[in-house]
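Chemist: Spelled out, the chains give:
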Amino acid sequence: MALDRLQTVDMTINMGPQHPSTHGVFRMVLRVDGERILDCEPYIGYLHRGFEKLSENENYHTVLIHLDRTDYLAGFCNEMAYIIALEKLLGVVPSERAEYIRVIMCELNRIASHMMFYGALGADAGALTPFLYAFRERERLQGLFEAVSGARMMFFYFRAGGVRIDLPDGFIRECRRVLDAVKFGIDECDKLLTNNEVFISRTKGIGAISAAAAIDYGCSGPILRACGVKEDVRRSEPYSIYDRLDFDIPVAYSGDTYDRYVVRMEEMRQSIRIVEQCLDQIPDGPFMGKVPRFIRPEPGEVYVRTENPRGDYGIYLISRGGDYPYRVKLRSPCFCNLMALREMLKDCYIADSVMVLGSLDIVLGEVDR
Amino acid sequence: MLGLIKGMIITWKSNWRKPVTVQYPDESLPLAPGYFGFPGLIYDHEVDEPFCVGCQVCARYCPTDAIFVTMKDNPKFKEGTSKRRKIVDSFELNISRCISCNICVEVCNFDAIEMTDTFEAAGYHPDVVAGIPALIEMSEKQRKGVLARPLKETR
Amino acid sequence: MPAWIDAAIRVAIMLFFVFNIVMVLIYMERKVLAHIQQRLGPMRTGFHGILQSPADAIKLMVKEDLAPSSADKWVFRSAPYLVFVPIFMMFVAIPFSSSVVIRHLDMGLFYLVAFSSLSIVGMLMAGWGSDNKYALLGGVRAAAQLISYELPLGISILGVALLTQSLRLGDIASAQYPLPFIFAQPLGFVIFITASLAEMSRTPFDIPVAESELVGGPLVEYSGMRWAVFFLAEYANLVATSAIAVLIFLGGWSWPFYALEGVGWLMQILAVAWFFTKVFALIFVVFWLRGTLPRLRIDQLMTFAWKLLIPFSFVNLLLTAAAVIYGTAILALVWVATACLGYTVYAYARSR
Numbered sequence: 013m014a015l016d017r018l019q020t021v022d023m024t025i026n027m028g029p030q031h032p033s034t035h036g037v038f039r040m041v042l043r044v045d046g047e048r049i050l051d052c053e054p055y056i057g058y059l060h061r062g063f064e065k066l067s068e069n070e071n072y073h074t075v076l077i078h079l080d081r082t083d084y085l086a087g088f089c090n091e092m093a094y095i096i097a098l099e100k101l102l103g104v105v106p107s108e109r110a111e112y113i114r115v116i117m118c119e120l121n122r123i124a125s126h127m128m129f130y131g132a133l134g135a136d137a138g139a140l141t142p143f144l145y146a147f148r149e150r151e152r153l154q155g156l157f158e159a160v161s162g163a164r165m166m167f168f169y170f171r172a173g174g175v176r177i178d179l180p181d182g183f184i185r186e187c188r189r190v191l192d193a194v195k196f197g198i199d200e201c202d203k204l205l206t207n208n209e210v211f212i213s214r215t216k217g218i219g220a221i222s223a224a225a226a227i228d229y230g231c232s233g234p235i236l237r238a239c240g241v242k243e244d245v246r247r248s249e250p251y252s253i254y255d256r257l258d259f260d261i262p263v264a265y266s267g268d269t270y271d272r273y274v275v276r277m278e279e280m281r282q283s284i285r286i287v288e289q290c291l292d293q294i295p296d297g298p299f300m301g302k303v304p305r306f307i308r309p310e311p312g313e314v315y316v317r318t319e320n321p322r323g324d325y326g327i328y329l330i331s332r333g334g335d336y337p338y339r340v341k342l343r344s345p346c347f348c349n350l351m352a353l354r355e356m357l358k359d360c361y362i363a364d365s366v367m368v369l370g371s372l373d374i375v376l377g378e379v380d381r
Numbered sequence: 170m171l172g173l174i175k176g177m178i179i180t181w182k183s184n185w186r187k188p189v190t191v192q193y194p195d196e197s198l199p200l201a202p203g204y205f206g207f208p209g210l211i212y213d214h215e216v217d218e219p220f221c222v223g224c225q226v227c228a229r230y231c232p233t234d235a236i237f238v239t240m241k242d243n244p245k246f247k248e249g250t251s252k253r254r255k256i257v258d259s260f261e262l263n264i265s266r267c268i269s270c271n272i273c274v275e276v277c278n279f280d281a282i283e284m285t286d287t288f289e290a291a292g293y294h295p296d297v298v299a300g301i302p303a304l305i306e307m308s309e310k311q312r313k314g315v316l317a318r319p320l321k322e323t324r
Numbered sequence: 007m008p009a010w011i012d013a014a015i016r017v018a019i020m021l022f023f024v025f026n027i028v029m030v031l032i033y034m035e036r037k038v039l040a041h042i043q044q045r046l047g048p049m050r051t052g053f054h055g056i057l058q059s060p061a062d063a064i065k066l067m068v069k070e071d072l073a074p075s076s077a078d079k080w081v082f083r084s085a086p087y088l089v090f091v092p093i094f095m096m097f098v099a100i101p102f103s104s105s106v107v108i109r110h111l112d113m114g115l116f117y118l119v120a121f122s123s124l125s126i127v128g129m130l131m132a133g134w135g136s137d138n139k140y141a142l143l144g145g146v147r148a149a150a151q152l153i154s155y156e157l158p159l160g161i162s163i164l165g166v167a168l169l170t171q172s173l174r175l176g177d178i179a180s181a182q183y184p185l186p187f188i189f190a191q192p193l194g195f196v197i198f199i200t201a202s203l204a205e206m207s208r209t210p211f212d213i214p215v216a217e218s219e220l221v222g223g224p225l226v227e228y229s230g231m232r233w234a235v236f237f238l239a240e241y242a243n244l245v246a247t248s249a250i251a252v253l254i255f256l257g258g259w260s261w262p263f264y265a266l267e268g269v270g271w272l273m274q275i276l277a278v279a280w281f282f283t284k285v286f287a288l289i290f291v292v293f294w295l296r297g298t299l300p301r302l303r304i305d306q307l308m309t310f311a312w313k314l315l316i317p318f319s320f321v322n323l324l325l326t327a328a329a330v331i332y333g334t335a336i337l338a339l340v341w342v343a344t345a346c347l348g349y350t351v352y353a354y355a356r357s358r
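Residue numbers (this note's numbering), protein chains in the order written: chain A, 13 to 381; chain B, 170 to 324; chain C, 7 to 358.
Among the clues, some could well be false.
Said to hold, decoys possible - To give a feel for the contact side, a few chain C residues facing chain A, derived at Cβ under 8 angstroms:
{"no.": "1", "residue": "Gln171"}
{"no.": "2", "residue": "Glu217"}
{"no.": "3", "residue": "Leu295"}
Claimed, not checked - To spell it out: a stretch of chain A is covered by chain C in this simulated footprint if at least three of its residues, at any positions, have a beta carbon under 8 angstroms from a beta carbon of chain C; those stretches are:
{"no.": "4", "region": "31-44"}
{"no.": "5", "region": "68-81"}
{"no.": "6", "region": "159-173"}
Since the hints were made in silico from the structure, they are not lab data. A virtual CB, placed ideally from N, CA and C, is assigned to each residue, including glycine.
Please take these sequences and the hints and turn them into a complete structure.
Modeler: What follows is the structure in structure tokens.
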């Protein structure tokens, strides 16, 4: 039989929205030739909740509860972006103590979020244990969040000019204790996976993207830094008190899954450094600055960028006066990072698709909004 | 092979550590003070009525429309025992819709609502809609032995 | 007693034994994994969850037996049994002590290798019959993987057959009294364990059932009892393969206590206990690996088999053959070859 006359057709595989490794309800349709991916079509919008429209009917503070629910793994970082935008609109200066509290919570949140990434990437690779180790460490941080804000994920904690309530008694001591434990935990996670031959062969060179392509797609955060671009909003456009703090921006150069992983592992250590500095420097004083009784900004608009665990998180806030924002636009880092998936998945295997997706560390609540 | 062996040592070590699991319904982790459970109605023991006057601000701001409130004239005001002209007639919290976001507490002008430690909505025959008695009980359960006064710092 | 009645009784006892040991293994795996991950594992059913496996078994038995409407019904329904029966057939030839066995076969080793490769037909049928793309991919992966790893598996145990000049498992076990074959055949042992991990679809080779991308592979459409039979087969295979490894590399029941070769019933019980101690130790290592390692990718898996394991297994076979002819000193070279294999894996991972 002449083999060239044998017709073979490409198979399409639908992955998601209900799939264990699509990190939420992401859907991608893979066109495959055997095990090799020819094309990948991402479909988003399954979790669309109309956050931006809903925000137009909330007053300026209650928008925050929707922000907590966009990127639900990094609630503090989202609130940070919005609150800075709101403060700029209002012309309010937050109190010194509140600035420190905010940065401490944001950086702890970054560690918790990266821990989630670590566990999920391990689970995507087929290892069960990293997931549980990561959650063990994350649980310690969640305990701190709960003690400070009253909630474990949906914090609703930052306010224009400060924070909702002051840190609880003994927080600094407890936080240092937790940080020591987490430091040990990060080292343990590192030893478990980073040098593992199987893990290296699953991640090195997989889903690589060049720095130019990453910039073209609008990637940011660890994805971009893994390509060798030393870009971090905390350094390039310092907000809050980041310009006073001493920390490094980890960079890797090959832009593949392994480098994204390594960058994030190092970022966790840097976050611990930041939190420790903040704990040393945190001043006493009021946790709220001077805030007008009614939050009614003058007409105007403002765009604020912050560094979310996933990248450059931007809030565009327009006020036309009155109690409600006219428009809240969210520049989602996950969305832009996710759009590079198609490029990354070229000539990968089916098993790589979940690894690359895991290395992007998307949160669908933020992609679909 | 070194990384593999290192990983094996890590898992071997943690094999002998104490498990971190908490067997949840039997034992549970202590909740932090000010934990966001479901909102409860604070009871004014001095006048023997809830602080809530049924002004519906919480119902208006509730992002999930989980709250339904009505107001009535306060009979105790006519008797002169209470300073509240109006009082809550019915206050229904739909537990299955509530997202424990704390907004009702924030917006309440009378400090009549607080977040309670009650967060378990599951049950064999759950009461999906909590009425005034249930909401007061949630609040009372939390502040047993504490003078029933609104906590300023919960705002 | 006619021979067939005797055989039937032995098979029935063995079937009962397999069911029970699988339940023990499932419980053990859950507990070992849990403690590796600092969890508790099953705790509710009975003392420390000891009744969890029977409870699961009962649940699976009473569950509805579903088949997809577009499935190839006959293929779909018969696949689990085609997976289980060959694996159970392996138990027919495995001796647990010098006389606790269903049948001592003169071609025991050959018989085991032959039957261990048959269950792949069932996996392929399950993948095809489910009419599901995930299942199909899983089935094809299973076929590719199981066929590739059949070769190093078979060749690695040939060295042992050369050294003992026998295929009878009892003889092989007894021949290891002063020195078990793991010392004479380290390369064979490493290749055998690696290849049998792949044969059993255990981590890091659980590619056919890869739950993170193929959500269960060929098993994705199965439920209830049929799914339970797959599970049964998987764990029975684990016992069988570990038992083979213990028999041919770790000295079976005879090393290091040669007295357990004795014929008295006490000696037999001690021999069986000692044998299973070794088997469970090996199974613990398999669970431990599962708790540590991620999963390989299919092409890496095939590369590993064809470019690394098969050449090295041939090296092992040649060196062993040379040792049989020219003297056992040559076996020292096998250790060098083992080190070479380890270094190649290390260097490969580094080079990426």
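Chemist: It remains to establish, for every hint, whether it holds in the given structure.
Modeler: Hints, one by one, checked against the model:
A hinted interface residue such as Gln171(C) counts as satisfied when its beta carbon comes closer than 8 angstroms to some beta carbon of chain A; here the least separation is about 38 angstroms, so the hint is violated. Because the closest C-beta pair between Glu217(C) and chain A is about 6 angstroms apart, less than 8 angstroms, the hint holds. With its C-beta approaching chain A no nearer than about 10 angstroms, Leu295(C) sits outside the 8 angstroms limit, and its interface hint is violated. Residues of the region 31-44 of chain A with a Cβ under 8 angstroms from some Cβ of chain C number 3, which satisfies the need for three, so the listed coverage holds.
As drawn, the region 68-81 of chain A meets chain C at 0 residues by the rule of a beta-carbon pair under 8 angstroms; below three, the given contact is violated. Against chain C, the region 159-173 of chain A contributes 0 residues with a C-beta closer than 8 angstroms to a partner C-beta. That does not satisfy the three-residue criterion, and the hint is violated.
Violated hints for the displayed structure, listed by number in ascending order: 1, 3, 5, 6.
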